[in-house]
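Chains as they are written, first to last, in our numbering: chain A, 35 to 133; chain B, -5 to 127.
Check before you lean on any hint, since a few could be wrong.
Claimed, not checked - Ranges between beta-carbon positions, derived for each pair:
| # | chain 1 | residue 1 | chain 2 | residue 2 | range |
| --- | --- | --- | --- | --- | --- |
| 1 | B | LEU5 | A | PRO80 | 32 to 40 Å |
| 2 | A | VAL123 | B | ASN84 | 39 to 47 Å |
| 3 | A | LEU78 | B | PRO61 | 18 to 26 Å |
| 4 | A | ALA54 | B | THR124 | 20 to 28 Å |
Unchecked claim - Computed, partial: chain B to chain A, Cβ under 8 Å:
| # | residue |
| --- | --- |
| 5 | LEU5 |
| 6 | LEU8 |
| 7 | GLY11 |
| 8 | LEU12 |
| 9 | PHE35 |
| 10 | VAL39 |
| 11 | ILE51 |
| 12 | GLY52 |
| 13 | ALA81 |
| 14 | TYR85 |
| 15 | VAL87 |
| 16 | PRO91 |
| 17 | ILE94 |
Keep in mind that the hints were calculated from the coordinates and are not lab data.
Beta carbons: idealized from backbone N, C-alpha and C, even for Gly.
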Amino acid sequence: MLFISLIFIEHRQGGTKMSAVAFVIATFTSPENISTNPQSMLWLLPLVAAIAVVYKATKVPTIKLGPFLKEAVLLFGSIIVFMIVTALVLCVLAWLITE
Amino acid sequence: MIKLSKQNHILFLLIVGLLAWLVPGGGHFILNEKKRAIIIFVAIVTTFCVGLYAGSIGVIDRVNAKPWYVAQIMNSPIVAALDPLTATGNYPVYGRPNEIGQIYTSITGLLNLLCIVNAVYLAHLHRTQTGGD
């Protein structure tokens, strides 16, 4: 019932009426404004988290919250550390080649 | 009789694989691995939606980004249903949002492929361990 009432909530945007569903759908039809600055690299964090969670969900023999979270966080950290090390190595290589 | 059992087994594996493709986590759900199924569903659907949010549905492009589309279709047939919408060219997306959207949606597709293979393997193990073959 709450969901149905949420659907029919109407927003006033720029003088035009728009249902909540239409508003949500509209957010998927125009891209976000993401610039090419170093901060945009932070977009990799949710993806790495998803990879760690799904991979561990297929690997652990039984799903128990504590051990599962520990395994997923460990994998998440390992991937991030490996990516940082790779980035540093590439930076050093680029510096050596260009200097 | 043995032949029929083998056919049933293959059919069961196909159904599990198809379910896992139709709904992420569906294959595990039918195998009574409900926690695993919920985790897979939430993780894959959320990440896929984040990808679509970042890059819009325009990142699903069967014509100009075929390799990405092949990975994206692994998510669910919903991707194929979205394709006619984006094929009109009404949702153009370029640059970093396009990259991030494509990477997110394609990686989730490949993750779902991993889950499909895992579900089919688990189904095979369940059947062979319970003396089905």
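Results of checking the hints against the structure:
1. LEU5(B) - PRO80(A): 32 to 40 Å: Given about 38 Å between the Cβ atoms, the range holds.
2. VAL123(A) - ASN84(B): 39 to 47 Å: 43 Å, holds
3. LEU78(A) - PRO61(B): 18 to 26 Å: 20 Å, holds
4. ALA54(A) - THR124(B): 20 to 28 Å: Given a distance of about 47 Å, which is not inside 20 to 28 Å, the answer is violated.
5. LEU5: Nearest chain A Cβ about 23 Å off; hint violated.
6. LEU8: This hint is violated: LEU8(B) lies away from chain A, its Cβ roughly 20 Å from the closest one there, beyond 8 Å.
7. GLY11: 14 Å, violated
8. LEU12: Violated, because the Cβ-Cβ distance from LEU12(B) to chain A comes to roughly 18 Å (cut-off 8 Å).
9. PHE35: Interface hint status for PHE35(B): violated (10 Å vs cutoff 8 Å).
10. VAL39: This hint is violated: VAL39(B) lies away from chain A, its Cβ roughly 10 Å from the closest one there, beyond 8 Å.
11. ILE51: 6 Å, holds
12. GLY52: Hint on GLY52(B): holds, closest Cβ of chain A at ~7 Å, below 8 Å.
13. ALA81: The hint is violated - ALA81(B) has no Cβ within 8 Å of chain A, the shortest such distance being about 14 Å.
14. TYR85: Hint holds; TYR85(B) Cβ to chain A Cβ min 6 Å, cut 8 Å.
15. VAL87: Holds, because the Cβ-Cβ distance from VAL87(B) to chain A comes to roughly 5 Å (cut-off 8 Å).
16. PRO91: 4 Å, holds
17. ILE94: 5 Å, holds
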